[in-house]
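Engineer: Sequence:
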Amino acid sequence: MRLLIVEDERRLAASLAGGLTAEGFVVETVHDGAEGLHRALGGGYDLILLDIMLPGMNGYRVCAALRAAGDETPILMLTAKDGEYDEAEGLDTGADDYLTKPFSYVVLVARVRALLRRRTRGGAPAIVLGDLRVDPAARRVHRGEVEVELTAKEFAVLEHLASNAGRVVSKAQIIEAVWDLAYGGDPNIVEVYVSALRRKLDVPFGRRSITTVRGAGYRLARDGGA
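Going by my numbering, the letters in the sequence shown line up with residues 1 to 226, in that order.
Source of the hints: derived by calculation from the structure; they are not laboratory data.
Heads up, some of the hints might be wrong.
Label-pair ranges, simulated between beta-carbon atoms [stated by the list, open to error]:
1) N188 / F103: 10 to 20 Å
2) S15 / T211: 14 to 24 Å
3) V109 / D135: 23 to 33 Å
4) R113 / A80: 17 to 27 Å
5) R10 / V146: 41 to 51 Å
6) R11 / G144: 47 to 57 Å
7) R39 / R113: 21 to 31 Å
In silico lysine to any residue, SDA-like type, Cα no more than 25 Å apart, as pairs [to be verified]:
8) K101 / A137
9) K200 / V168
10) K171 / V146
11) K200 / R139
12) K101 / I210
13) K171 / E191
14) K101 / V168
15) K101 / G166
16) K101 / R140
17) K171 / R199
18) K101 / R10
19) K101 / I127
20) K171 / A110
21) K171 / R139
22) K200 / L99
23) K171 / I210
24) K200 / A138
25) K171 / N188
26) K200 / A64
27) K101 / A138
28) K171 / E145
29) K101 / M57
30) K200 / G166
31) K171 / R117
32) K200 / A137
33) K101 / D46
34) K101 / R139
35) K171 / L99
36) K101 / P55
37) K101 / R61
38) K101 / E35
39) K200 / A221
40) K101 / A14
C-beta atoms are modelled at their ideal positions from N, C-alpha and C, and glycine is treated no differently.
With the hints as constraints, model all of the structure from the sequences given.
Structural biologist: Written out as structure tokens, the structure is:
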């Protein structure tokens, strides 16, 4: 597995590269946004660790440019900033996960492995709920004949809800399934992903597939919101 680290703090980049190399990954590092974008577009990486506060071109712009170019490589954003607004902005540009500095190295490795597992997963049957089709093997989602583009983390949240269609799933259950118990932040991050799914799966199609059950969690309709 080849990883690209785009991080302007050279000591941190070197430390992460050394640790991840010891874990068995092939790691390359760059220290500014423009070079990171150039390397990512031509490198064939399995995952990108992308800092937000970069010289020349920030991580949001790098992420958006990669997604606009059709690059679906999982992106784990690293930042010293904190707050739901920043996380939502990162997700809107196409990031798959988000880790705030300072972070535990153990948590970082867990997040990296979780994203890589989801990217390479195959063989699971498609889940069909009305005109909503969730295909874990291909990691593709369709609403009728229209394919809906999701980030890896959005897809993981949707897949868990779809696997439990008709049942209420709590935030804690979603975090356990999607974040692999490594997540130690605000459980309200689930709301960010559910909101993103509604914007992509429901609003453009006039549907209401994911409902909030106050005090309990979320439920995805068995009919896909038809």
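Engineer: Starting from the hint list further up, note which numbers the structure goes against and sort them upward.
Structural biologist: Violated hints: 2, 8, 10, 12, 14, 15, 16, 19, 27, 28, 34; rest satisfied.
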